[in-house]
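Trainee: Here are the chains, one letter per residue:
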Amino acid sequence: MPARFRLTEGGRIDRSKPISFTFNGKVYQGFEGDTLASALLANGVHLVGRSFKYHRPRGIMSAGAEEANALIQVGEGARTDPNLRATQIELVDGLKAASQNCWPSVEFDVSIVNNIASRLIPSGFYYKTFMWPASLWMTYEKIIRNAAGLGKAPEGPDPDSYDKTFAHCDVLVVGAGPTGLAAALSAGRSGARVILSEQDATLGGSLLSEPDLQIDGQPALEWVAAARAELEGLDNVRILTRTQTYGYFDHNFIGLMENLTDHLPQSAKPPKLPRHRLWKLRAKQVVIATGAIERPLVFSDNDRPGIMLASACRTYLNRFGVKPGSKAVVFTNNDGAYAAALDMHKAGIQIAAIVDLRAYAEGPLTEQARDAGLRILDGHAITATAGDKRVKAVQVTRLSDDGESAKAVGEHIECDLVAVSGGWNPTVHLHSQSRGKILFDETYACFVPGDSAQASTTAGACSGSFGLGACLSQGHDAGLAAAKAAGVKSRKKGSAPQAEDPNAPGGADRDFLPARWLWLVPGDKPLGHGGKHFVDVQNDVTAADLHLALREGYRSIEHVKRYTTTGMGTDQGKTSNVNAIAIVSQYFGCPIPDVGVTTFRPPYTPVTFGVFAGRDIGDLLDPARKTPMHALHEHAGATFEDVGQWKRPWYFPHEGEDMHQAVNREVRACRESLGVMDASTLGKIDIQGKDAAEFLNRVYTNAWLKLKVGACRYGLMLGENGMVMDDGVTSRLGENHFLMTTTSGNAAPVLAHLEEYLQTEWPELEVYLTSVTEQFATVSIAGPNARKLLAELTDDIDLSAEAFPFMTWRNGRVAGIPARVFRISFTGDLSYEINVPASYGAALWQAVMTTGEKYAITPYGTEAMHVLRAEKGFIIVGQDTDGSVTPIDLGMDWIVSKTKDFVGRRSLYRSDMDKPDRKQLVGLLTDAPDTVLPEGAQLVEKIESGPTMAMVGHVTSSYHSPNCERSIAMALIKGGRARMGQKLYSPQADGKVITCSVSDVVFYDKEGERTRG
Amino acid sequence: MKSRYSIFSLMRNALSYHEKWPEAWRSPEPKSSYDVVIVGGGGHGLATAYYLAKIHGIRNVAVIERGWLGGGNTGRNTTIVRSNYLWDESAGLYEHAMKLWEGLSQELNYNVMFSQRGVMNLAHNQQDLRDIARRVNANRLNGIDSEFLTPHQVKDLVPIIDLRGNGRYPVLGASNQRRGGTARHDAVAWGYARRADEHGVDIIQECPVNGFEIENGKVTGVQTAKGLIKAKKVGVVVAGHSSVTAEMAGIRLPLVSHPLQALVSEPVKPVIDTVVMSNAIHAYISQSDKGELVIGAGVDKYVGYGQRGSLPVTEETLAAICELFPSLKRMRMMRQWGGIVDTCPDASPIISKTPVEGFFINCGWGTGGFKATPGSGWVFADTIANDRPHPLNEAFSLERFNSGYLVDEHGAAAVAH
Amino acid sequence: MLEIKCPYCGPRFETEFSYGGEAHIERPKDSENLSDEQWGEYVFMNSNTKGVFLERWVHTSGCRRWFNVARDTVSYQILAVYETGTKAPKLDLRKDV
Amino acid sequence: MVEAYLRQSPLSQLALPSRAADETGDAGVSMAERPFRRIVNLRGNPKSEAFVSAAKSVLGAELPLAPNSAAAGKDATLLWLGPDEWWAVSEDETPPLADKLRDALSGQHASVTDVGEGYSCIAVSGPNAIDTLAKGCTLDFHDSVFAPGSCAQSDMAKAAVVFHRLEDETPSFEIYVRSSFAEYLWRWIEDAAGEYGVAVTG
Ligand SMILES: Cc1cc2nc3c(=O)[nH]c(=O)nc-3n(C[C@H](O)[C@H](O)[C@H](O)COP(=O)(O)OP(=O)(O)OC[C@H]3O[C@@H](n4cnc5c(N)ncnc54)[C@H](O)[C@@H]3O)c2cc1C
Ligand SMILES: NC(=O)c1ccc[n+]([C@@H]2O[C@H](COP(=O)([O-])OP(=O)(O)OC[C@H]3O[C@@H](n4cnc5c(N)ncnc54)[C@H](O)[C@@H]3O)[C@@H](O)[C@H]2O)c1
Ligand SMILES: Cc1cc2nc3c(=O)[nH]c(=O)nc-3n(C[C@H](O)[C@H](O)[C@H](O)COP(=O)(O)O)c2cc1C
Ligand SMILES: [Zn+2]
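Residue numbers (this note's numbering), protein chains in the order written: chain A, 1 to 1013; chain B, 1014 to 1430; chain C, 1431 to 1527; chain D, 1528 to 1729.
The hints are simulated quantities; they were obtained by calculation from the structure and are not laboratory data. Quick caveat, the model's predicted, so the values are computed rather than measured. Do not rely on the hints blindly, as some may be mistaken.
Examples of chain B residues lying across from chain A (beta carbon under 7 Å, computed) [to be verified]:
hint : residue
1    : S1046
2    : Q1119
3    : A1151
4    : A1200
5    : G1417
From the derived model, a few chain D residues whose C-beta atoms are all more than 10 Å from chain C [unchecked claim]:
hint : residue
6    : S1536
7    : A1547
8    : R1561
9    : K1574
10   : A1581
11   : L1590
12   : D1602
13   : P1610
14   : D1641
15   : D1670
16   : A1679
17   : A1687
18   : D1695
19   : T1728
All residues carry an ideal CB built from backbone N, CA and C; glycine is no exception.
Pulled out of the complex, with its shape left as it was, chain A reads as follows (with noise of 0.2 Å):
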């Protein structure tokens, strides 16, 4: 069954392909090149949802992407997509779409109260109560919060995936109406490499809608076809369909989204094909050709169903094949409007007026109209209109001839279509955004472009040419611009196509001119006292709110949008900002350009959050860096903690151990017998140059120049401001030549700190840097078996104590793998680090293990790790420092060379540096040896009854010690060094408070013997 309001013949749309779908819960049929608005609107569907605030039945008022009404919830559960504009929702067989902020239905929604009530809810009434009580303000604004909002959010993962692209271009065209069109296929021909981008599925733009027009010759659409064929043919175009361009940002970077597969049955979409796409293009130039926007007319409650921008009426009819009413008022204040009233009429709509703002209605649409006897009411307005879901009539009156008022008693005309014509607005956002300048043009009461402030430039009617002709040179003159501009060298010229409209006298050039521009049109009441004269239709905002704000002091247009919310709804204002504008200026009696517009922000059209995330999210969000070992650390079941981007092993449970219990067990095995643990991550620096040694003692703050060949040093980096950054041992492995080994957390950081210094204040130094942090893998061994171990794996080193003592290296054969041997340690015992190749990092590991077995040998994670540390009172840069600590404060003076100059020693002798009261690292042993402060506690001197304490310092690492048998504990603690033996309290959230004493902060082998052993 045809739907009623659909034409026949006529319109893009494919009656050979039926679609069904749902609204509200009822089925209708559309066709394929439906959009819901007209798939809707064939069904004599007007009334599809509720306005903001008030909660007024709300129609579609657009066919494009301005519409600010007829916002609709499609999809349901974990797809369903909020505020989607019907109007450009591409009807899929299956859609399931519903109205949104009613409750009980569309229909009947009891929230119209608020409208019965608008009286007292004017702008920013908010601010001037919910004030008392207090108390209660929590309360009001659970209220307020459930009345606003729109649509619902997704209530479930989103099962959809997006992507994105960076790409590049000589020419990027927005819009493929005529003038896109003409700059694509001159910029084209021309070799350049060009986007075209269209937000529609179809190219042609405003041609869609038009029936009449001819360009070379042909119907414009066939022209448009042909268009298309020949850019497609050239390998040096992509077009871009069902993609906007959202943005344009600094150095002509542009973004667009391309939708893929919401116009695909659920069933139809391919299963790898993401949703929508994010392009991110470096242009060269861009052609700018978006079209321009009609702009609806301010009056008295010209917000009900069935009041339609003009220009969408003719779309409707001549893309859509919908009669978008039975009975037509043509509402405007220009000639243009007349094409939809000639269109309308010709369609079989009864014209029951038009009613002209204009003193005298002329004009060459103007004309026909009259010829072909439709009643023309000029030097007319609608004062009221009528209707509850939809309008039903309007009450016509006449204008006093300064526009200001109405005359005497209207006549009522009953209707239930009302196409509103107020003249045109360029769509200038994307060249505001990139910064262009806007001006005002008074000929057609519009902002222009004025000029660019990047690489683009603007055409048709965009750029306030409205006339066909004009628009089709512009383009075609732009795109040729363009490709030059971008260092094309032309491989053809072309002429710009040459339009004919054989219908209309003035011919294709015409625009809609001549126009009275009056833009707050009276109504039958004083403004505020009766009907409602909307602004922004979707925020609720009226003129009398914006004549409220000015009158309340809100005077900048920033402040008038601000406090009335105009322009700030999911349209941002494209229908609404200029009259809004228009109306300050008018309260003011100053010129509309005095008052400035709003800022023009991206995204022209809302943008899928997820199309930002693209793939980039789940396990492709981050890196997870592995060592050459983590395969072998899985399979050993260890808990992995993420350090940095790399994963490392936290503890190797076994089977029925929590991690307290792993952990001790790790601990006490490195210390008994014998462990080993995965060092790949540590950042490696390869250093050579022979003033290499003269470098490091730059940075470091100890020495560096008499290092031995073979030999070992840790060493303590600062930055400029005397705070510790990063530490780490360094070997010199030839006179030249140094291997730098920094935390696993800061290897890049450390690098480009040492290559800044290097090239920016010490160029003369002949050093050279290179990482290579994943050259080796790590095998570190620690433990009173540790040599045992080695020696079983190397027959080519002599690790005697004396041949291989403590903070040397040396190179040999590991497991037949060639290796290089630091004898270091973090543990505080017998430790060696054997590098290998990285590709060998797992055989060396499981040669480890399995000549290890007879030594019980246990793989320790990084918790292992920093507890035999923390019995050693070795500190972790980052843990046991927050970038407010300097070697000094941590008790490393020994360290700080008081002979030479290097990174951020100045700051350490600041007045501020020596202070007795900075928080210092030390000890601390709690009274109950079992009791384990949390890292993170802080520390007081006294326990008061209140609850604000005066504070001393906190605990930054904290363990049971397996080996001391009882819990340790460092801490930053104002003058931390001169309470040794203090008792301490620190107060805990639960109300307990744990008693500890300050303590050397090393807990184990203070000899150090064991390392050295």
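Got chain A sorted already, so can you dock chains B, C and D with the ligands onto it with the hints?
Mentor: Okay, now just chains B, C and D with the ligands, sitting in the frame of chain A:
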């Protein structure tokens, strides 16, 4: 008092079709001289003027604003208010502000919609957990409400959160300040403006300050687009433009100004009832009373005076949001903008006297000064009125960058917002 | 997203670079003899220029070289790129400030 | 030397051969791991006659001096990485170059460092190779900008990489990535190429 706002005045005015509402503030021409000129009509400047008049009885005050009042960062921030800062000095200052927030609507007779819906900072790794514990403990001992939440408690408060964070950013816990929340940013500026005006303060908009008159090391006036205005004392509170403005008085500051961006989604019915912040993955989210999701992103790394942020930052932030809240992937960004924030090396503000006598500076609030607005104005007014820092802002002197006594709120304190 | 012309690798996107703040600030050689204030000036103070700013960048994801850039901090237009250790070229500062 | 079979490539965990088995017919993108490349990082001053000629004597070809360009040496492919930095990349079987370079350059301000163990190489080719790479990299891979024979250091997704475009009719790239990022990057590219069809090859 000119016209009290209340439900009754609203009803009364409804009868006269809201045609009789008085101006919230005047738009006066500047006088030739003032006791104090405040440069910058953001929340901090307006609050300073208000407290100067209200508490210190200094009513001959002008606030000089380059554009429209509240149009700087006050009008473009993500509105998060909390006081759970780490160091004693910061805690003192922000908690003072918090107490003022709690009575601000009544104090100003302007509903600033201060919504104590709670502010949560997520922990994603072991070091986050340590830092949070340290801060929560410190807060409690400073008398600031602060609690640790387990992942399950987080989920209860924010049902749409994905605790697994897909493995990369699991939610291991959070700190929570229940008294924290949001406030309607514009209303804060407007409310202070209205009350300051009522106390006689002249608010001069659309009037850039171009220089200062300084004689013998003492400030005597302000050069503006509307001519020279004499002043006994000058307080500069211009956020992103602090270096530029201080330079006019020959003062150098340790600030970097760069764009910080934010964005809002389309409005929807309530989906998230608290404020959730994740420093590790750069995302801050709350839902405004109107229904938009208000999302704060990171800063562009470079110096910038363009009130816009770059796309990579948006991508990173929204990826984080999608990661934490997978059901929000289909929501859409409605508007995106930037503000210019002035960050200090230690992420703490400067509220200080300067080498120029009578010339005071309040800046360096960086990405997080909205929450301090009432407190900042309060201590700054006190400092200006008495020519010496109030104990609450003593630590925030300019001098600290020489002596080394920094109040380093980086890292541990969850800096931003 | 800025496009920065690395003097060595050619034009690349902003994300390949790291920012290094103000250029031409030399590290004092005799920090010993500086007052706290002079040292504080070197470590912390910043011109933070609105307008054409001479700043340092490093091509982190490319050649890892440091270099200098003259950039308008309002329009973000890049007026010049030049090597570390060389003087800023003469610039037409009227442009777009 | 221990048995070479004990060596493991960074992508060995992904079981690429089994992925190769479910290869699709008309894949837009082919992917493969090229493990165990030997890479020597060479630093020196290209304006120094001595440096350039010493390098040439070992490598058998001039070091490429034009930015982002590659050259074929006797036993190694030479990639320009920066104004004073190159890679000499060779297959595992070829004789090691590092020591020879070190000898030839001794006494000069230069550095020679083996780095190959720290990298894996992922080959990506096919009609949609460029579309795929564009998803993760800001570089313009168009023929007119990044012709066959070009190379560049850049980022791919969130990994730092070196691209080398091979002299091939279908777009073919080799992407060198630090081993620890290899698995991430492989999966990222595989996912990005999904819509074009992916074939994993030997
Ligand atoms: C995107 C974003 C999100 C943020 N989110 C939060 C948050 O969630 N929570 C939080 O606490 N903080 C947040 N902040 C920070 C917060 O907005 C600021 O710290 C705070 O608003 C600063 O207030 P102000 O009054 O000092 O500055 P502003 O409001 O910027 O006021 C300064 C005023 O000085 C004027 N001015 C400048 N130069 C001159 C001159 N020469 N002459 C006259 N007038 C001049 C400016 O026009 C401006 O109006 C955010 C900031 C941004 C940009
Ligand atoms: N006589 C009149 O009253 C009058 C008024 C206005 C327009 N016109 C006619 O309209 C036509 C204007 O041609 P035109 O090509 O300049 O404009 P157009 O409106 O025909 O085409 C603009 C195209 O840009 C697309 N677009 C807009 N913003 C976009 C974005 N951000 N991203 C992607 N696509 C976007 C639109 O979907 C549209 O297809 C001419 O035929 C002109 O005569 C006439
Ligand atoms: C908390 C908050 C909520 C906002 N909500 C909206 C909104 O609902 N609609 C809208 O258009 N803009 C909204 N904005 C953004 C403003 O329109 C505007 O972009 C911002 O104040 C910056 O000003 P500018 O874009 O004029 O430079 C909001 C801003 C903030 C700070
Ligand atoms: Zn480079």
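Trainee: Run every hint past the structure and note whether it holds.
Mentor: Okay, the hints, checked on the actual structure:
1. For S1046(B), the interface hint is violated, since its Cβ never comes within 7 Å of a Cβ in chain A; the closest pair sits about 25 Å apart.
2. With its C-beta approaching chain A no nearer than about 6 Å, Q1119(B) sits inside the 7 Å limit, and its interface hint holds.
3. A least Cβ separation of about 5 Å between A1151(B) and chain A falls short of the 7 Å threshold, and the interface hint therefore holds.
4. At about 5 Å, the closest approach between the beta carbon of A1200(B) and any beta carbon in chain A falls short of 7 Å, and the interface hint on this residue holds.
5. For G1417(B), the shortest C-beta to C-beta distance to chain A is roughly 4 Å, which falls under 7 Å, so the interface hint holds.
6. Against chain C, the non-interface label of S1536(D) holds: every CB pair exceeds 10 Å, the least being about 24 Å.
7. No beta-carbon of chain C is positioned within 10 Å of the beta-carbon of A1547(D); the least distance is around 31 Å.
8. At the 10 Å boundary, the C-beta of R1561(D) stays outside the reach of chain C, the nearest C-beta of that chain being 22 Å off.
9. Residue placement check: K1574(D) keeps its beta carbon more than 10 Å from all beta carbons of chain C (closest about 13 Å).
10. No beta-carbon of chain C comes within 10 Å of the beta-carbon of A1581(D); the shortest separation is about 22 Å.
11. Residue placement check: L1590(D) keeps its beta carbon more than 10 Å from all beta carbons of chain C (closest about 15 Å).
12. The Cβ of D1602(D) sits about 25 Å from the closest Cβ of chain C, beyond the 10 Å cut-off, so the non-interface label holds.
13. For P1610(D), the requirement that its beta carbon stay farther than 10 Å from each beta carbon of chain C is not met, with the minimum near 5 Å.
14. Consistency note on D1641(D): stated as away from chain C, and its beta-carbon is indeed over 10 Å from all of that chain's, at 19 Å minimum.
15. Here D1670(D) stays apart from chain C, with its beta-carbon at least about 16 Å from theirs, past the 10 Å limit.
16. With a least CB separation of 7 Å from chain C, A1679(D) falls inside the 10 Å interface cut-off, contrary to its annotation.
17. The beta carbon of A1687(D) is not kept farther than 10 Å from every beta carbon of chain C, the shortest such distance being approximately 5 Å.
18. The Cβ of D1695(D) lies farther than 10 Å from every Cβ of chain C, with a closest approach of about 23 Å, so its non-interface assignment holds.
19. No beta-carbon of chain C is positioned within 10 Å of the beta-carbon of T1728(D); the least distance is around 28 Å.
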